[in-house]
Amino acid sequence: MATVQPIDYGTPERHSDKQITLEVDGRSVTVPEGTSVMRAAILSGAEVPKLCATDSLEPFGSCRLCLVEIEGKRGYPASCTTLVAEGMKVHTQSDKLGQLRRGVVELYLTDHAGSSRAEPEGSGDDDLLRYARELGVDKVRYPTNSSRDHQDAEIDASNPYFEFDATRCIVCSRCVRACDETQGTFALTVDGRGFASMISAGTDSNDFLSSECVSCGACVQACPTEALIEKDVVTKGLPDRIEKTTCAYCGVGCSFDAEMKGGEVIRMVPSKEGKANHGHSCVKGRFAWGYTHHPDRITSPMVRESIYEPWREVGWDEAINFAVERFQSIRERYGRNGLGAITSSRCTNEETYLMQKFARAVFGTNNVDTCARVCHSPTGYGMGSTFGTSAGTQNFDSVEDADVILVIGSNPTDAHPVFASQMKRRLRQGAHLIVADPRAIDLVRSPHIEADYHLQLKPGTNVALINAIAHTILSEGLEDRAFIESRCDIDEYDAWYDFILREENSPEAMAQYTGVPAWKMRAAARLYATGGNGAIYYGLGVTEHSQGSVMVMGMANLCMATGNIGRPGVGLNPMRGQNNVQGSCDMGSFPHEYPGYRHLSTDSVRKIYEKEWDVKLDNEPGFRIPNMIDAATEGEFKGLYIQGEDILQSDPNIKHIAAGLDAMECVVIQDIFLNETASYAHVFLPGSTFLEKDGTFTNAERRINRVRRIQTAPGGYADWEITQMMAQAMGYPMNYSHASEIMDEIARTTPTFAGVSFSKIDALGSVQWPCNDEHPEGTPVMHADTFVRGKGKFMLTPYFATEERANRKFPLLLTTGRILSQYNVGAQTRRTANRHWHDEDVLEIHPSDAETRGITNGTRVAVASRMGETTLHAQVSERMTPGVVYTTFHFPETAANVVTTEFTDWATDCPEYKVTAVEVTPSHTLSEWQKRYMDQRELQQRIADDAQSVRAPETVAADINTEDAE
Amino acid sequence: MIRQVNQIAAYFEVYPEQRAEEGVRGHIQKFMAPTLRQQLLDYVAEGGEGLDPLVLKAARSIEVKTD
Chain Y
1 MATVQPIDYG
11 TPERHSDKQI
21 TLEVDGRSVT
31 VPEGTSVMRA
41 AILSGAEVPK
51 LCATDSLEPF
61 GSCRLCLVEI
71 EGKRGYPASC
81 TTLVAEGMKV
91 HTQSDKLGQL
101 RRGVVELYLT
111 DHAGSSRAEP
121 EGSGDDDLLR
131 YARELGVDKV
141 RYPTNSSRDH
151 QDAEIDASNP
161 YFEFDATRCI
171 VCSRCVRACD
181 ETQGTFALTV
191 DGRGFASMIS
201 AGTDSNDFLS
211 SECVSCGACV
221 QACPTEALIE
231 KDVVTKGLPD
241 RIEKTTCAYC
251 GVGCSFDAEM
261 KGGEVIRMVP
271 SKEGKANHGH
281 SCVKGRFAWG
291 YTHHPDRITS
301 PMVRESIYEP
311 WREVGWDEAI
321 NFAVERFQSI
331 RERYGRNGLG
341 AITSSRCTNE
351 ETYLMQKFAR
361 AVFGTNNVDT
371 CARVCHSPTG
381 YGMGSTFGTS
391 AGTQNFDSVE
401 DADVILVIGS
411 NPTDAHPVFA
421 SQMKRRLRQG
431 AHLIVADPRA
441 IDLVRSPHIE
451 ADYHLQLKPG
461 TNVALINAIA
471 HTILSEGLED
481 RAFIESRCDI
491 DEYDAWYDFI
501 LREENSPEAM
511 AQYTGVPAWK
521 MRAAARLYAT
531 GGNGAIYYGL
541 GVTEHSQGSV
551 MVMGMANLCM
561 ATGNIGRPGV
571 GLNPMRGQNN
581 VQGSCDMGSF
591 PHEYPGYRHL
601 STDSVRKIYE
611 KEWDVKLDNE
621 PGFRIPNMID
631 AATEGEFKGL
641 YIQGEDILQS
651 DPNIKHIAAG
661 LDAMECVVIQ
671 DIFLNETASY
681 AHVFLPGSTF
691 LEKDGTFTNA
701 ERRINRVRRI
711 QTAPGGYADW
721 EITQMMAQAM
731 GYPMNYSHAS
741 EIMDEIARTT
751 PTFAGVSFSK
761 IDALGSVQWP
771 CNDEHPEGTP
781 VMHADTFVRG
791 KGKFMLTPYF
801 ATEERANRKF
811 PLLLTTGRIL
821 SQYNVGAQTR
831 RTANRHWHDE
841 DVLEIHPSDA
851 ETRGITNGTR
861 VAVASRMGET
871 TLHAQVSERM
881 TPGVVYTTFH
891 FPETAANVVT
901 TEFTDWATDC
911 PEYKVTAVEV
921 TPSHTLSEWQ
931 KRYMDQRELQ
941 QRIADDAQSV
951 RAPETVAADI
961 NTEDAE
Chain L
1 MIRQVNQIAA
11 YFEVYPEQRA
21 EEGVRGHIQK
31 FMAPTLRQQL
41 LDYVAEGGEG
51 LDPLVLKAAR
61 SIEVKTD
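Just so you know, the protein sequences line up as chains Y and L, in that order. The first sequence runs 1 to 966 under our numbering. The second sequence runs 1 to 67 under our numbering.
Hints are computed from structural coordinates only; laboratory data are not their basis. No false leads were slipped in.
Here are a few chain Y residues that sit away from chain L, every Cβ distance over 10 Å (derived from the structure): (1) V190; (2) D204; (3) S300; (4) S329; (5) D397; (6) K520; (7) K611; (8) E612; (9) I710; (10) V781.
Which chain L residues face chain Y? A few, computed with CB under 8 Å, are given here: (11) Q4; (12) Q7; (13) I8; (14) A10; (15) Y11; (16) V14; (17) Y15; (18) K30; (19) F31; (20) M32; (21) A33; (22) P34; (23) T35; (24) L36; (25) K65.
Glycine included, C-beta positions come from ideal geometry on N, C-alpha and C.
Using the sequences provided together with the hints, build the complete structure.
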């Protein structure tokens with residue numbers, strides 16, 4: 001549990017139009033109808049002891065410690081399960097209540113170790129011990145050490161982050177209920193009866209690690225004793241203060257209380273008041289932050305003349321002057337467009353803003369791009385074309401009003417686990433679910449949840465599917481004419497109507513492409529259009545296709561046609577992969593636009609920045625990342641400044657990326673680790689993690705959250721400070737003294753951010769853009785009265801099959817994705833104990849495809865495409881549909897992107913990661929590329945005077961051993 | 001590049017001719033760097049082999065600013 005938390009009100013908040021006034025210990029309190037007496041009492045300022053109750057869980061009424069007296073009622077009702085009534089008079093303290101509570105505590109102590117592990121002299125993290133002290137229970141009159149107690153139980157330390165100690169468990173079921181209600185995994189239960197009952201992880205070995213537990217830590221947080229406790233709290237002691245910050249992993253953007261002891265983070269506890277996560281978190285956010293202290297962190301700037309020399313550690317001035325001299329030389333010889341920059345979705349808004357400013361104002365080029373190029377750039381194009389701006393239309397809480405949830409190409413339980421828990425809660429309440437995915441993701445069937453329809457389409461056929469759904473809606477008259485006529489451009493609608501009703505778009509015609517029976521597509525369409533509030537959630541399974549942008553437009557069309565936009569419970573929601581994808585796009589990271597999605601050819605916008613930055617700006621779009629690499633191989637692009645990105649691992653066709661980087665004269669990497677791209681760099685500038693800087697992240701619901709500096713970066717500087725030093729050395733005046741001043745500049749120049757400031761975020765906790773005079777406290781739901789572009793614009797969505805086709809030589813389709821315990825290219829999570837769950841990427845293959853190829857679980861297989869070959873171990877899985885194989889890309893040694901193609905979305909150049917024709921065969925050795933890669937990496941990542949690479953051995957995929965390499 | 005601009009044309013071909021041509025031109029003008037547009041125009045000037053007819057039409061009104 002969390003010791004430095006705000007008040008625990010014992011039961012959840014209720015909402016009602018009817019207010020109830022009652023009296024607690026003589027004080028009047030008014031609360032919504034349906035509120036528990038416990039919550040009302042605590043709100044009134046009374047103290048009510050409790051063990052089985054916490055305000056994140058429904059009341060349970062088992063511990064009997066929260067008994068109260070209510071005038072006119074017999075006995076001593078449990079305040080957690082008793083609801084308030086008008087005029088009720090409650091007493092929380094009396095001699096009799098004290099006597100009863102002491103009795104309860106004494107009974108609990110008969111099967112409790114009696115001391116704290118975290119604070120041997122005090123009550124530590126254990127409420128039972130605290131209540132014993134407060135109630136004066138200093139001895140236990142009943143027999144202890146009975147044969148039925150649990151005082152001989154061994155601690156289950158199997159989980160790398162927390163322990164279960166049955167000697168301190170009071171079987172209050174808070175952990176079981178947290179797993180059920182908060183996380184929705186249902187991994188825990190109470191085993192046995194009566195006095196013998198005990199919490200069980202439900203496996204034969206009965207340990208947490210081998211169970212269904214997903215290590216979200218909700219049970220640890222819920223535990224009122226120290227039965228479930230973080231290992232760090234046991235070894236380092238209790239924290240004594242908190243600093244509030246925001247998680248640096250996925251696009252949910254969970255708010256956290258970093259619980260500190262002195263200057264050290266002891267544990268991360270999700271903030272109850274966090275508006276994106278409401279006190280919940282996943283294994284990554286809560287536990288996997290140890291990488292910030294990993295020995296692989298680079299602590300000193302480094303330079304080298306050529307990429308084949310060892311790195312040389314130098315001071316900051318020398319490193320920056322080295323980079324600047326090369327950049328200036330390149331600009332003199334090749335012009336300003338021989339230079340470029342790449343921003344990162346892992347960095348703050350302020351840092352990203354500064355990087356694009358650096359490119360445009362200091363380099364003088366619009367050659368700036370971001371990693372969203374390879375993930376959500378089609379969202380920008382598709383939503384911009386139809387709605388007028390690129391952003392998720394809803395807040396996360398909107399899902400609680402959804403009646404039909406359509407999940408397309410998104411795997412929330414793995415990639416956005418905290419939001420997935422919220423979604424699963426709504427599904428358990430009865431919302432309908434449609435999943436469109438080639439794989440049977442967990443959401444298709446999980447405890448108490450089963451999709452109404454799983455549309456198991458073939459990779460690359462999203463647009464065929466969305467057209468078939470739209471065709472059904474229009475042909476069966478299920479559209480919302482009133483909404484269309486009042487909110488949308490009717491001429492565009494009419495054109496779309498005629499297009500969609502073509503026979504070629506019918507489910508019957510499209511079934512040959514999607515592989516989904518026509519009846520199923522029709523049934524799903526009817527459910528979405530007529531089932532009440534319809535909400536679409538989508539991920540990279542939509543965008544990373546050659547028709548990614550068309551699919552986004554197709555889904556936007558569907559929202560408008562059915563009126564499922566502009567109010568809670570509906571909308572179109574891109575699930576952003578990284579923590580600040582939304583923010584990096586908002587901040588003008590793309591080569592064609594300034595912050596706020598305004599094209600740089602718009603004179604009035606450009607003049608704002610020319611005035612603010614005091615430079616003349618180019619009005620022509622710059623290079624996208626693939627253009628930069630192409631131009632480099634052609635000898636025209638020579639210098640690149642990359643902040644927080646690893647394009648050599650994350651971008652498609654790694655060989656081409658490597659060739660482009662190799663052809664450059666100056667590659668500057670600013671990162672926390674010597675990443676893969678750094679093998680081709682000439683300057684390395686040690687960056688900062690989220691714990692080491694001030695700034696903001698913007699999550700997938702446009703929520704701007706604060707990041708706060710709570711420890712010092714090993715290199716000494718936040719990333720924005722490094723960019724500022726670079727700018728100054730290039731001769732450009734840049735003099736921010738704090739990240740808040742950068743946000744002030746963003747607000748000054750960007751209408752949708754006009755009302756944003758650090759002080760406002762601090763006051764409100766967070767704010768969702770647009771935030772301006774019209775919406776001073778932000779905008780939870782967009783397009784409520786009118787679309788950003790005015791009238792909603794239906795775009796035509798012709799389906800074209802991808803050029804990447806399976807054939808006899810490459811008969812399978814490879815699609816890629818993520819797994820819960822690892823994050824993106826793995827640079828952070830591979831350097832944590834999350835390796836316990838996933839220490840290598842594997843290839844999932846359907847049993848029938850495996851059998852015909854002689855493949856069983858664990859077989860090393862070669863995966864060959866037209867582009868290249870890699871090897872990894874096979875995992876036979878019925879989650880796959882026959883003909884489709886799947887892998888993740890968390891380990892560089894796997895090199896999934898050696899195999900992926902160069903096909904891209906026509907509108908945005910977003911790579912088609914999700915469709916690669918491959919053949920899979922058993923293999924006994926690494927691919928030639930993998931062998932060369934490992935040799936080369938070792939050579940190119942040497943640091944002078946170090947015999948070995950700085951990379952820790954455990955960060956290398958576990959399966960690559962000497963035998964394999966030979 | 002040929003494949004990319006042909007894909008752009010393939011999308012806009014679903015629209016009536018004038019709008020399709022404007023769509024291709026507008027997309028290229030809005031998103032392609034001037035050097036890439038110049039490469040396209042140079043290729044068109046050499047005959048534009050393999051380019052979608054819609055791209056060839058749109059190219060007539062694509063502009064490239066000289067630095």
